[in-house]
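Q: Assemble the complex: chain A is given as a structure, and chain B must be docked to it using the hints.
Protein chains: 2
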Amino acid sequence: MIRRLCIVGVGLIGGSLARALREAGYVDEIVGSSRRAGHLQEAVDLGVIDRYDTDPAKAVAGADMVFVSVPLGAMRAVFERIGPALSPGAVVTDGGSAKASVVRDLDAALGRVPDWFVPGHPIAGTERSGVAASFPELYRGRRVILTPTAQTAPEATAKVRAMWEAAGAQVNTMSVEHHDEVLAATSHLPHMLAFALVESLARMAEQREIFEYAAGGFRDFTRIASSDPTMWRDICLANRDALLHALDRFETDLRVLRDAVDRHDDETLQRIFTEAKRARDAFNDPAESSQD
Amino acid sequence: MIRRLCIVGVGLIGGSLARALREAGYVDEIVGSSRRAGHLQEAVDLGVIDRYDTDPAKAVAGADMVFVSVPLGAMRAVFERIGPALSPGAVVTDGGSAKASVVRDLDAALGRVPDWFVPGHPIAGTERSGVAASFPELYRGRRVILTPTAQTAPEATAKVRAMWEAAGAQVNTMSVEHHDEVLAATSHLPHMLAFALVESLARMAEQREIFEYAAGGFRDFTRIASSDPTMWRDICLANRDALLHALDRFETDLRVLRDAVDRHDDETLQRIFTEAKRARDAFNDPAESSQD
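For the protein sequence lines, the chains are A and B, in the order given. For the first sequence, position 119 matches number 119 in the numbering used here, and the numbering has no gaps at all. For the second sequence, position 32 matches number 32 in the numbering used here, and the numbering has no gaps at all.
Bound-form chain A, shown alone (with noise of 0.2 Å):
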């Protein structure tokens, strides 16, 4: 159970986590607070918040468990804010999609990473943003992973574990680095070929042509395009590293998909396209993928 949570950055990951744990009946008083008043006033009227303060050193007095969501290149300057104005007890973790970069910034807004903080990241969200998006059942059945660090207290996690579960995720723990280098691959490079290969039609003559032939492929495999522009720069940049090292990996395997089209090589693309097709295929067998 949580006495007091504190959200900063009411938006549809923290407004659909304050939500689902109202409606398990898993928390008595919701705060928030992000830089807009307009938009925690919405987030109170429509009964996702009980009350909120633009100040996050505030907001978070008294709370024992806190939740930051915000865009990564705004977390050094939360932790500065609530680094000193934490009660005793009180955990805190966030919602980032990149974790060293969220250890890092702590480490240089506090001098130091404390026990309280417990690195996280819901594997969850919607094409929509905004408070107005959120609802309760986002994290039904999703995974939820959490990445303590060496000083991170074993009950901080347990409690940061408890919450996710009681609005219904997985939750599995893995190191931070491993956490970086598995979301580059299925998350990270992906955005990146999506941007790259839009902005490169764009960019085209014909480009108004060009997108009246795209057919539901190209729909679907672009549609990661749509995202936020500010919030995929601050990816990038946190998760650097990680990023690219999966995109030379990537180039490599493109690279040879590309010889075997300029020599006529029918068997290695065979080969490539099936082995793609087959693990496509598993990863989308309803057996798998109940979650979705």
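Keep in mind that the hints were calculated from the coordinates and are not lab data. Hints should not be assumed to be uniformly reliable.
A pair holds if it fits inside one copy or across any two, identical chains being indistinguishable in the list.
[What the hints assert, rightly or not] In silico SDA-like pairs for lysine to any residue, Cα to Cα no more than 25 Å straight-line:
no. : residue 1 : residue 2
1   : 277       : 100
2   : 58        : 76
3   : 58        : 275
4   : 159       : 212
5   : 159       : 268
6   : 277       : 217
7   : 159       : 132
8   : 159       : 51
9   : 58        : 256
10  : 159       : 240
A: Relative to the frame of chain A, chain B by itself:
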């Protein structure tokens, strides 16, 4: 109006054309041909075709319109069979995803590019295949590209255009070369990227774990990697030159993005992502994509 339509290759594409023209009352009789009698009998049982012959030379006899919808790698053999067997005045078109290779195959099969051939490509399909998956609305509001050659008779093009319009499609004409460039960019290249990405991840040691943490964006992005490996091997080889050109341009553009990540160049990342989002959102606009 078509008196007798012959469809060589009665799957999703050919079967849906048959159903659409039947429903529109645009055809008197439909004869099917393919290598497997079992598939053809199924098409008869479903009411998609009236009768069949596994020998395409016999199936095309007496037809005034022939639609060849076989894998690109099988085109040449079909042309060799049907070329000498066509009735005077018959018009032949096809559904191949690359057009220069089809024209080359025809030239190789018959020693010339005849005036009765109209290369074509319906930009439609689903992830399913086979005649059982065919349905009359597949082409409604979809684009069909015709790429008449210098030899193609204008009356032949007019007949093929009228057929596709009767099936509910929007018909455009362009050169063979331009078709192949546009499709390389919007279809063939994205398929290469999806196949390469999934195969690359599948080979990583922790593959099962990696796919476990993939979210909805990855699912959409890689859906096309479930496509038929043999069909895509054929497309890659058939549209080799345009595909290599598209791949090389993409590699250059991806390198710009990579370098921006490497240099922490937030302005370049923001600019590229913003341009990509703008182009993708415009493409997604209901007014521009009413056919979806």
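Q: List, from low to high, the hint numbers that the structure doesn't satisfy.
A: 1, 3, 5, 7, 9 and 10
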